[in-house]
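J.: Sequence:
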Amino acid sequence: MDTHKRLLSILHIVYGSLHILLFLLGALLVNTFLPFIMAEIAEADADAAMITELAINFVRALFFILLFLIPLPSVIGGFALLNGKKWGLNWLMASGCLSLINVPLGTGLGIYTIWVFVEVQNAKKNND
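Residue numbers (our numbering): 140 to 267.
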């Protein structure tokens with residue numbers, strides 16, 4: 140079971156790191172093209188520019204929230220479980236359940252996370 144926990148840790152670290160890189164790439168693209176888009180909209184209509192700016196701020200806040208909900212717990216929990224922390228598996232269980240909605244990689248990782256968690260809990264129960 141230790142090999143499964145180690146593999147699960149590594150998979151979560153890689154999964155979370157890839158998501159962080161994708162979020163950073165998305166932020167870079169938005170920040171690169173945003174001034175050009177806003178200049179075009181501001182020329183057409185000032186009210187539309189204000190509404191567009193509000194929408195863009197909302198999307199930025201949503202990306203920031205998603206960054207903290209999905210990839211960071213995966214990376215933190217993965218490193219914690221690799222270092223032998225007991226709470227690391229619980230952290231990965233929560234992160235794995237959140238990743239279930241990300242088809243197909245997140246779903247596979249979430250199912251594997253749940254399976255490892257259940258097996259570890261059954262092993263603890265049998266030892267008691």
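Worth double-checking, as some hints may not be accurate.
Okay, derived cross-link-like pairs now, BS3-like style, lysine-lysine, Cα gap no bigger than 27 Å in a straight line [to be verified]:
1. LYS263 x LYS224
2. LYS224 x LYS144
3. LYS225 x LYS264
4. LYS144 x LYS264
5. LYS264 x LYS224
6. LYS144 x LYS263
7. LYS225 x LYS144
8. LYS225 x LYS263
Because the hints were derived from the structure by calculation, they are not lab data.
J.: Determine for every hint whether it applies to the structure shown.
T.: Outcome of the hint check:
1. LYS263 x LYS224: holds (16 Å)
2. LYS224 x LYS144: Holds: LYS224 and LYS144 sit about 12 Å apart, inside 27 Å.
3. LYS225 x LYS264: The given pair, whose Cα atoms are some 16 Å apart, holds under the 27 Å limit.
4. LYS144 x LYS264: OK: LYS144 and LYS264 at ~17 Å, within 27 Å.
5. LYS264 x LYS224: holds (19 Å)
6. LYS144 x LYS263: Holds: LYS144 and LYS263 sit about 14 Å apart, inside 27 Å.
7. LYS225 x LYS144: This hinted pair holds, its Cα atoms lying about 11 Å apart.
8. LYS225 x LYS263: holds (12 Å)
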